[in-house]
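The sequence shown: position 89 = 89 (the working numbering), numbered continuously.
Keep in mind that the hints were calculated from the coordinates and are not lab data. Because the structure is a prediction, the values reported are computed rather than measured. Note that beta-carbon positions come from the ideal geometry of N, C-alpha and C, so glycine has one too. Where hints are given, some of them may not hold.
Quick list of in silico lysine-lysine cross-link-like pairs, DSBU-like style, CA-CA up to 35 Å [to be verified]:
1) K52 to K68
2) K32 to K65
3) K32 to K68
4) K31 to K65
5) K31 to K52
6) K52 to K65
7) K76 to K32
8) K76 to K52
9) K32 to K52
10) K76 to K65
11) K68 to K31
12) K31 to K76
Distance windows between CB atoms, simulated [to be verified]:
13) G71 to G48: 20 to 30 Å
14) S79 to A22: 15 to 25 Å
15) R40 to A61: 12 to 22 Å
16) G49 to A22: 30 to 40 Å
17) M58 to D11: 16 to 26 Å
18) A61 to E18: 14 to 24 Å
19) R33 to A78: 33 to 43 Å
20) K76 to R33: 31 to 41 Å
21) R40 to S79: 30 to 40 Å
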Amino acid sequence: MAAPSKTFLTDQYEPTNETLWAAVLDVAQGKKREMTLGDRTIHAPNNGGGYKPWPHPMGSAWAIKQYKGFGGAFRKRASQLDPLPLMAMG
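Hey, can you work out the whole structure from these sequences and the hints?
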């Protein structure tokens, strides 16, 4: 019998800026060598090769740090919100 899988950050939260998150993930995976937004430029890690295989724990952490550095944020998924406060109100 297999152990139940753990939930990950991406299972519970979603980025507020999907386009920015996708661009940062492309750099983290090595699909793009660099990305510039405003006056900030990031380069793909590991000499432009990105983190392989994907998903990679260090790659995900690197992508989150870069995404937040560009001003991105995460919000809890709608399916993960607690329904109890809504039930108590009405």
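So, going through the hints one by one against the coordinates:
1. K52 to K68: 22 Å, holds
2. K32 to K65: 17 Å, holds
3. K32 to K68: This hinted pair holds, its Cα atoms lying about 19 Å apart.
4. K31 to K65: Cα-Cα ~18 Å, so holds.
5. K31 to K52: Holds. K31 to K52 sits at ~11 Å (cutoff 35 Å).
6. K52 to K65: Roughly 18 Å between the alpha carbons, so the hint for K52 and K65 holds.
7. K76 to K32: OK: K76 and K32 at ~28 Å, within 35 Å.
8. K76 to K52: 27 Å, holds
9. K32 to K52: 14 Å, holds
10. K76 to K65: 18 Å, holds
11. K68 to K31: Measuring from Cα to Cα gives roughly 20 Å; hence the hint holds.
12. K31 to K76: Judged against 35 Å, a Cα distance of about 28 Å means the pair holds.
13. G71 to G48: 20 to 30 Å: 24 Å, holds
14. S79 to A22: 15 to 25 Å: With a Cβ separation near 21 Å, S79 and A22 satisfy 15 to 25 Å, so the hint holds.
15. R40 to A61: 12 to 22 Å: For R40 and A61 the Cβ distance comes to about 18 Å; the hint holds.
16. G49 to A22: 30 to 40 Å: Violated, at about 19 Å.
17. M58 to D11: 16 to 26 Å: Taking Cβ atoms as reference, M58 and D11 lie about 19 Å apart, which means the hint holds.
18. A61 to E18: 14 to 24 Å: For A61 and E18 the Cβ distance comes to about 20 Å; the hint holds.
19. R33 to A78: 33 to 43 Å: With a Cβ separation near 35 Å, R33 and A78 satisfy 33 to 43 Å, so the hint holds.
20. K76 to R33: 31 to 41 Å: 33 Å, holds
21. R40 to S79: 30 to 40 Å: 33 Å, holds
Hint compliance for this structure: hint 16 alone is broken.
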